[in-house]
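Novice: With the hints as constraints, model all of the structure from the sequences given.
In terms of full-length UniProt numbering, the sequence shown opens at residue 1 and continues consecutively.
Hints are computed from structural coordinates only; laboratory data are not their basis. Any given hint might turn out to be false.
In silico lysine to aspartate or glutamate, DMTMM-like type, Cα no more than 25 Å apart, as pairs [as the list claims (entries may be wrong)]: (1) K101 to E172; (2) K376 to D345; (3) K234 to E121; (4) K204 to D345; (5) K152 to D129; (6) K234 to D284; (7) K374 to D345; (8) K374 to E272; (9) K101 to D325; (10) K376 to D359; (11) K374 to E396; (12) K101 to D162; (13) K101 to D284; (14) K152 to E121; (15) K374 to D327; (16) K204 to E172; (17) K152 to D124; (18) K234 to D254; (19) K101 to E272; (20) K101 to D129; (21) K374 to D199; (22) K234 to E272; (23) K204 to D98; (24) K152 to E341; (25) K204 to D218; (26) K374 to E140; (27) K376 to E121; (28) K234 to D218; (29) K234 to D199.
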Amino acid sequence: MDEQRKPEETLGGREDNAFESEGGKSGEIRYKLDQRSRIRGGILQFLTLLLAVVLTSAVTATLVTRRIAEDTLVIDNGGNFAQMLKKSLESFEASFYDRQKLRDIYEDVALSVVGVANSREAFDGISYDNVWSGVVMNTEGYILVPYSVVAKEGTPVYIRSDRDSGNIREAEVIGRDMATDTAVVRVQGVNLRPPRFSDSSTVKVAQSVAAIGNPFGDRARGTLTFGVISTINKMISTLTEDNREIKIYAMETDALVNRGTNGGVLVNMNGEVIGINSFSLSQDFNGGFGAVITSNEARSIARALINSGEILIPFMGVFGNLITDTDNNFTGYYIQRVTPEGTADRAGLRPTDIILSIDGVPVQTATTVDEYVKTKQVGDVVIIQYRRSSAVMETEATLFGTVVD
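Specialist: If you want it as structure tokens, here you go:
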């Protein structure tokens, strides 16, 4: 009996040892498997999350793209891509500006913009090289034109207008001003109407504008460009024919000022003139933008030329910049240079003085002094308050004029 049990014990012992040994190895394997499973599970979770993010982004992008497409593209049922593209562009343009409004403005304003040339034949040509636009200034037939029209003495000037049934008439030269690239001519016996002018001092940067020209005197062949105001109150120092320095104020716009709009008008979205387009000043001073003489400046020039054939305007004769002193709480026009024998020089002002006000009008912009002086006449007396070092002083100044010819 005992002998028979020994093999069983021995066998049982072997089985137990084998189990223990295998059990040890199995636990080791299970541990490794569990570790790998955790790693694989982590990777799987990461990949699942990544896939979810990608799918969510794709769905979002698809929805946004579809929404944009629905907003910007007009789908053509016939599947015509060219038609679809055309409609899409028209939809975009319509949302950017009102083309019908621009057409209405052009049709109205172009009647007050005439064609100007040095020969009758130029109006029948196709080149812009020998034609300009002119702006009717009043019902008496006075027209503001670019200086280049009358640059050569004795050269005839012809006018053509839609309001005159396209008739070509010779004009009389009234006066000219090389420095501001302007001149005034006159035709009589024609029913001309000036456009509506706006106060250019109210113009703001980024305001929508349109440049209009009618160099052939035919609205069907006129020009309109659209843009915004880029810069206001840009001071331009320029020379008269006898090399005297004066300054004029201009605006800049990204509306194209070229030969087609040269001498024409810049209007706001109410169809009111805020400036006169100058291709010459654009080439000389603008740095890539269209230069426009402000409507206030242009009307002042036109009045002077109409009244005397030359421009005699009150002129302060100071050059400088606007400054603000926060420590002493004042703003003023800092004088860097004074024109000899000018108004400021005769009144005793000198470089480094700071003009604080004129006739009680505080200096708030770089153009305050010049704009105010232009409302006066030569010979008028104004009171100038200024700062010299730390002292505030006042002086009376008699306005002297400068002839711009």
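Novice: For every hint, state whether the structure bears it out.
Specialist: Comparing the hints with the structure gives:
1. K101 to E172: Judged against 25 Å, a Cα distance of about 35 Å means the pair is violated.
2. K376 to D345: holds, 18 Å
3. K234 to E121: Between K234 and E121 the Cα gap is close to 38 Å, so the pair fails against 25 Å, i.e. violated.
4. K204 to D345: violated, 33 Å
5. K152 to D129: This hinted pair holds, its Cα atoms lying about 16 Å apart.
6. K234 to D284: holds, 13 Å
7. K374 to D345: holds, 18 Å
8. K374 to E272: holds, 21 Å
9. K101 to D325: violated, 45 Å
10. K376 to D359: holds, 11 Å
11. K374 to E396: Satisfied, since the Cα-Cα distance of roughly 17 Å is no more than 25 Å.
12. K101 to D162: OK: K101 and D162 at ~21 Å, within 25 Å.
13. K101 to D284: violated, 32 Å
14. K152 to E121: Within the cut-off at roughly 19 Å; holds.
15. K374 to D327: violated, 32 Å
16. K204 to E172: violated, 37 Å
17. K152 to D124: holds, 22 Å
18. K234 to D254: Holds. K234 to D254 sits at ~15 Å (cutoff 25 Å).
19. K101 to E272: holds, 13 Å
20. K101 to D129: At roughly 30 Å apart (the allowed maximum being 25 Å), D129 and K101 break the hint.
21. K374 to D199: holds, 14 Å
22. K234 to E272: holds, 21 Å
23. K204 to D98: The hint holds at about 20 Å.
24. K152 to E341: Measuring from Cα to Cα gives roughly 32 Å; hence the hint is violated.
25. K204 to D218: With Cα atoms ~31 Å apart, K204 and D218 exceed 25 Å; violated.
26. K374 to E140: With Cα atoms ~24 Å apart, K374 and E140 stay inside 25 Å; holds.
27. K376 to E121: violated, 44 Å
28. K234 to D218: violated, 33 Å
29. K234 to D199: Distance ~16 Å between K234 and D199 Cα, so the pair holds.
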